[in-house]
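Peer 1: Chain by chain, the residues run as shown.
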Amino acid sequence: MKTDRLNALTDGVIAIVLTIMVLELKFPAQSNLAAVREVLPPLGLYLLSFVNIGIFWNNLHQLTQSAHRVNGAALWANLSLLFWLTLVPLVIRWIGATGFTPWPIAFYGLLMMCSAISYVLLEQALIAADGETSVVKKALGSRFKEWLSFALYASAVGLAFISPLLAVAVYVANAIIWLVPDRRFEESR
Amino acid sequence: VKTDRLNTITDAVLAIAITIMVLDLRVPASPAWDAIEPAIPLLAAYALAFVNIGIFWINHHHMLNTAARVNGRALWANFFLLFWLTLVPFVIRWIGLAGITPQPVAAYGFVMIMAAIGYLWLERELILAEGTESRIRAVVGSRKKEWASFGLYALALPAAFISPWISIAIYVGVASMWLVPDRRFERWHNLQVEVEQPTSRT
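Chains as they are written, first to last, in my numbering: chain A, 589 to 777; chain B, 38 to 239.
Warning: the hint list may mix true and false statements.
Calculated pairs, DSS-like style, for lysine-lysine (alpha carbon to alpha carbon, straight line, at most 27 angstroms) [what the hints assert, rightly or not]:
no., chain 1, residue 1, chain 2, residue 2
1, B, 182, A, 590
2, B, 39, A, 590
3, A, 725, A, 614
4, A, 590, A, 725
Because the hints were derived from the structure by calculation, they are not lab data.
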């Protein structure tokens with residue numbers, strides 16, 4: 589089975605998630621600096637989320653270009669990734685209501701961590717579907733970056749209860765690691 | 038008529054259906070565990086609805102991969118299926134407002150039954166469109182799992198009025214039955230690949 593429908597559903601969901609996040613942002617209640625400052629946390633998280641989801645999409649793009657076949661396990665791993673990403677708009681709304689407080693910031697880390705696991709499971713399933721000739725397997729190598737980000741997100745979930753801002757710093761650092769697109773696939777082609 | 042446009046509209050509609058549900062979820066009013074706890078049932082309902090639509094999508098994916106062609110009747114059967122699946126976010130919003138109560142939980146079961154009818158109807162139309170040598174007919178066989186889920190959903194509907202939790206247990210049961218994708222189509226597909234490119238799987 590080809591990858592085209594997996595890509596079609598993924599592009600649809602991610603396009604909608606990226607767009608509906610903006611519905612969760614609130615206007616400043618008044619036109620003064622204090623009111624503007626109040627909407628900055630959800631706005632900042634919106635920017636970070638846009639970048640994070642963009643990173644997932646870019647990586648998926650590279651990954652599924654190198655995969656020739658999908659199977660049921662790959663479709664489920666992908667749906668699981670999409671499930672966690674659809675909850676991102678909810679966290680932005682929550683931050684809008686409560687500011688940078690431990691629970692919503694930890695929840696954000698949990699979503700990113702679960703997305704990261706799902707992504708690794710998807711890689712695994714695509715490798716299995718292509719068998720021994722898998723281009724994906726050859727290109728991915730040790731997947732050090734995947735596991736590093738997973739560990740960073742996991743530690744940030746705990747860190748959020750000590751200092752939410754510190755956890756946010758970890759999220760930003762994690763995004764920076766991935767800003768450079770996945771070169772592994774570009775080299776292998 | 039080829040299957041690709043039927044697939045495109047299905048992917049687009051289902052992508053929207055599974056994503057806009059999140060707009061109906063509510064966030065805890067304060068960042069404390071006491072406020073978070075009441076938000077969990079709706080979040081769990083969302084997860085179940087996501088999985089259920091995911092199941093329909095994956096089965097659709099596998100079945101259409103095997104289908105050789107579609108006709109007007111198959112397109113309508115597909116729209117019937119999509120219609121009921123688009124009502125899932127609506128029922129989720131109802132559960133969000135009314136909580137785990139008999140009416141919305143029964144409504145969820147009703148939507149699932151109608152979607153299951155749509156899926157069976159689509160399967161039938163695809164088989165008819167393919168004629169006597171239908172690949173799908175050969176692959177799906179007796180459709181025991183389809184009828185079992187149909188029967189279980191029919192049971193869950195009245196059960197919701199005794200206790201909505203019984204129905205939810207049935208919904209979770211049916212979903213877990215389908216978590217393993219339809220191997221019938223995968224087996225068929227792997228055979229095809231071996232026939233077409235004998236070296237590709239060595």
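Peer 1: None of the hints should be skipped; say for each whether it holds.
Peer 2: The hints, checked one at a time:
1. About 25 angstroms separates the Cα atoms of residue 182(B) and residue 590(A), which keeps this hinted pair within 27 angstroms; it holds.
2. Between residue 39(B) and residue 590(A) the alpha-carbon distance is near 16 angstroms, which keeps this suggested pair within the 27 angstroms criterion.
3. With a C-alpha separation of about 44 angstroms, the suggested pairing of residue 725(A) with residue 614(A) is violated against the 27 angstroms cut-off.
4. Straight-line distance between C-alpha atoms of residue 590(A) and residue 725(A) comes to about 18 angstroms, which keeps the hinted pair within the 27 angstroms bound.
Checked against the numbered hints given earlier, this structure breaks only hint 3.
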